[in-house]
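Please arrange chain B on chain A, whose structure you already have, making use of the hints.
Residue numbers (numbering that gives the first Met the number 0), protein chains in the order written: chain A, 0 to 196; chain B, 0 to 196.
Just to be clear, a hint being listed does not mean it is correct.
The list treats identical chains as interchangeable, and a pair is accepted whether it falls inside one copy or across any two copies.
What the hints assert, rightly or not - In silico lysine-lysine, BS3-like type, Cα no more than 30 Å apart, as pairs:
1. K74 with K174
2. K76 with K156
3. K107 with K76
4. K156 with K74
Bear in mind the hints are in silico, worked out from the structure with no lab data behind them.
There are 2 protein chains.
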Amino acid sequence: MTLALDAAAQDLLFREARTANTFSDEPVSDEQVQAIYDLVKFGPTAFNQQPLRIVLVRSEEGRARLVQHMADGNKAKTSTAPLVAILAADNEFHEELPSQLPHFPQAKDLFFSERPVRESSAALNAALQAAYFIIGVRAAGLAAGPMTGFDAEGLNKEFFGDGEHSVLTVVNIGKPGEEAWFPRGPRLEYDQVVTTV
Amino acid sequence: MTLALDAAAQDLLFREARTANTFSDEPVSDEQVQAIYDLVKFGPTAFNQQPLRIVLVRSEEGRARLVQHMADGNKAKTSTAPLVAILAADNEFHEELPSQLPHFPQAKDLFFSERPVRESSAALNAALQAAYFIIGVRAAGLAAGPMTGFDAEGLNKEFFGDGEHSVLTVVNIGKPGEEAWFPRGPRLEYDQVVTTV
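Next up, chain A with everything else stripped away, as it sits in the complex (with noise of 0.2 Å):
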């Protein structure tokens, strides 16, 4: 069984791609990004709510403001990478739907007019919009480096201080350094993850 998708491309975001822990100095730039977005920002989400809110941190103010909340193992890369992207999701997403899903407005009101509707909502579909955007890293040629050690109140604080964001990840990106990956992990087999009724 072979995909649609051809093997070199398989490689680049699946197969040979890796987590990176170290990085080169060639720089990431607003480009490169923006390049990144307009690919990623069509996968789905339901009622194209699009929660993906993004935090480029470059100034060095930034930086140190970041990594003060980071884990102890995290901080010497977050300190390090070219680029550091901080991922969150937008729990006022809803003011957007009336433009983002035009046939159908009343959505706003009628399935996310509660909080805790929209925080759940939004969570799940800024996840998925976050593994697309690592997809899209990828598929810029640069590795990405997702972390989930660090204190998400503090995050949310510091970089969101509406209290209308929760930070999912903080990505490190750019062209790997020496010695970038671990050897490759394990995955489950597909009997340990797929059954069928």
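Below, chain B without anything else, positioned relative to chain A:
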């Protein structure tokens, strides 16, 4: 700015890929699902936890058990798609950690001894894997129709009687049928999503 991923692959996975609402009769084989899994299993998760579990609904009885829990607007397409996959998070994923994270088996007890922590981590990481799976379906030349309109508690009980799984999304899979798509919805502009500090 061009991406490393070739344009045909960009189109296949994102730019021309669409959420299908109707499907042809052409079946989707177990071999196709295995090829999809064997590609997307390499997508990254925190601690290599791989919490995604997949139920393929193939029998008539299974289809009926599923459709009763779907929202009315999703019943027809869930009834007629060549294959339907239920994607769930395994909240007891930590049982597999010693085999899946062999260099750090203590992670199971150090980080994941508490159920609420596991649920939160499984929800995020299984959602990342759900997105990889959607991309994988497209990589196989098939259309995916992910849905979140269903009675989640009903599905959890119907297909995972152990109380240890949380259904995230149900995905219709197949070749697109007649009038398979709505018009492409808009997307948020780069400047609405990305900020820089």
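For this structure, which hints from the list above don't hold up?
none
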